[in-house]
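*Asks:* Construct the entire structure; sequences and hints are all you get.
First residue of the sequence shown: -6, per the working numbering; consecutive thereafter.
Treat the hints loosely; a few may be bogus.
Claimed, not checked - With beta-carbon atoms standing in for the labels, derived distance ranges: (1) Arg422 - Val143: 26 to 36 Å; (2) Arg598 - Ser482: 25 to 35 Å; (3) Arg598 - Glu642: 10 to 20 Å; (4) Glu642 - Ile758: 19 to 29 Å.
Just so you know, the hints here were simulated from the structure itself, not pulled from any lab data. The beta-carbon is built from N, C-alpha and C at its ideal position, and this holds for glycine as well.
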Amino acid sequence: MQPPPVTPSPSPHPEPFSPPLLAIVVGAIQLGIGFLALSVPEAFDVPAYGRSAALVPEFALAFVAGGILQSIAYVAATRRSGIIPAVLVGVGGLPLVAIIGGLWGGEGYWLAPVLSVALAAGALIDVVRSTRRASAGRAEVPSVGALGAVTSLILGVTMLTVPSTHGLPAPSWLHAAQVPLAVALLVAPAILVVGWRIPRGHAAAQALGALPLLAFVAGLAQTARWAGVVTYGLVAAAVATEPALRRAAERRFAARRAEPRASADHEMATEAAAWGFVLLIGMAAGAEVLTETRKGLVLLTAIVSAFTIYWFHLREVRDARPLHTVVGIAVYSVFVAVLVTLTGGIRSPYFFVYSLPIIALAWTETPQTVVVPLVVPLVTLLTETAVLLRVGGTLSAVILVFAAPRAGGLGLVAGISYLLARRSLDERRRAAATHRQLQTVLANMDEGLLTVDATGRIALGNDAARALLDAGPDLAGRAVHEVLPLRRSDGGEIGWADHPVHLAMAGRRVSWQRVLVPRPQGGVALAIAATPLADDQPRTGAIVLLRDIRAEVEMERLRDDFFFIASHELRTPLTIMKGNLEIARDAADGPLRTAIDEALASVERLIRMVNDYLDAARLEHGTLAMRVEEGHLPDLVRQAVQAIRPDVERKGLTVSYRETSGLPAVRMDLERTLQILLNLLGNSVRYTARGEIEIWHEVDRGAVDTLVRDSGPGIPPEHHARLFSRFGQVERGLTRSSGGSGLGLYISRRLAEQMGGAVVLRQSIPGQGSTFALRLPAADGGAR
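*Replies:* Here it is as structure tokens:
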């Protein structure tokens, strides 16, 4: 059978929105405000913050912690971790909401609390939006661009209507150019919206829309409004660079999705530890009394934050991952050295942090790499020891009390980490060897294999699967419903609820079934099987097997064509033979007549088989004409019973028909319905050695069932599945005792379906008989 042409249909589950960059922007603003409050607290000593004189180190640390939580929420959203990103970003935005109590009503300066609420709400909306799937064909609005548009609109309106809100001093050029700048701020949202509608001009529109904000920031810098400079400056910079930032983030996320789940989880844990280090530096800055030292710690916090964002989200992942990991750990080791130096050197309470890079690198890379994070603290320790001894420190106080214990502690940590790293390396080598063996097996499989995780994304695919799906090398990390859209063999669409992979992810095993994968030039015939992965979670992954059956389909088509042509060519000579035998039988008597009767019975059997083959071929090709009209079943049943009565009497059986009064008319093709009844009754006579055959009707929900029950041997349950398939018979091979082509039930079911009905096996008990039912829609409606 030639597969029908199939055109690809849009996926019911498009890709989720791009990563929530707004969480990073809001987190950077919170970190900037926190760093500014720690290093330059007098920057907040202005009338606008009259009620917020409490913006002291404790409140600044809350902003730093909130910015870190925003960044971690951004990380969690890349894995679409349900409600966790929303909770993190909500908690991280609490300092922004809390600022309302300190600023609201402070001499009319209510712009800051309004913007704070907009920032907190925008970050939460963006994270929630990123964890949900978009509607098909729905355009995405850039979140950072939307924030820039809202900010520009608020600033423009307030500058025109309530200019005192900004508190701009008279000498400022910003105050003199307030009206033109306000107009430019009001035009900026329109420019941004136009850029969203024109993809080619998106980057230029973002840069142009950010210019009024940058001008406003320049005026704030001239008037030493540093909190506004940080806030509006970061918003303007993010708006101008959003297209480039989004492309870099999407590349990074695509690379992360392609990684094994364990590697991605380890990277997330490492980044969380890096943000914990940032918070530790911020706490050190908050506790520091010396102004210069506090400013140095704040600067270090800002540098570590920027490096963390770059290293984990904007840096392009290359093949030389071990070297890059060592470089990253070395950079963090230098950051630790700066922290220790600023907080007391070898007397620093944060000296223990040196051990963290050693452990992290030893656990992820080769044992020898522990030298890199070990050298930095040892060199720093030796240098500072030498300096202290040179300026007059005593040997016992410097070396015995401080330097030697710390060097020994570092050596102990490095030694233990080395031993653990050796063990981890052995495990990784064994895992790598197993992985290579698995890759060899997968690469040489004729069948395609996919593994799908619990989120519906492909984790692994072999070369055969890539070739069958025409997916190219980038198969891992893609959504399975996009790579593997399916249709039935007749071209009907298979929805995601009935998709074999979805059923396997729900815990059901799907055996081999034939499907079509849409292609522009037509459907590719495949057989698919899916098995759930063993897991204790409600949702689990799946293993999918794919087999190319195009050769099988072509062979079946050639076989069907052969049977169709052969049957068509045989029917004419058989009809002539039947006519001649009937004429000869009328003129013969005695043994010759008996022989002619036997030959005539064989010819009639051949004609029935030929007709079955022709009907099956017409049904497959959709060329069987039917005339559906209203009719009454009892007349056809009596006609069918009368037709099989000679066979019933010859085998010594009995047949009974219980008529039902008031039976409604049905919609049917009279000739084909009679054919179905003859098939069902013929099967009952053929397989029943003794006993009786019963026929009766039942009316059920707008349909009429005609039931045929025999007292034959019954059908074992393991054979039920193939009863209605082509050439499906309980007995197989040349030794089967019963005749027939094996097409009767297949043709009967297909004919009934053409009339809007069905043929089903109602009941079968081995040793007691079987009951088949023909269901046809009632003529008064309600047919299913």
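*Asks:* Of the numbered hints stated earlier in the document, which are not met by this structure?
*Replies:* Hint 1 is the one this structure does not satisfy, whereas the remaining hints hold.
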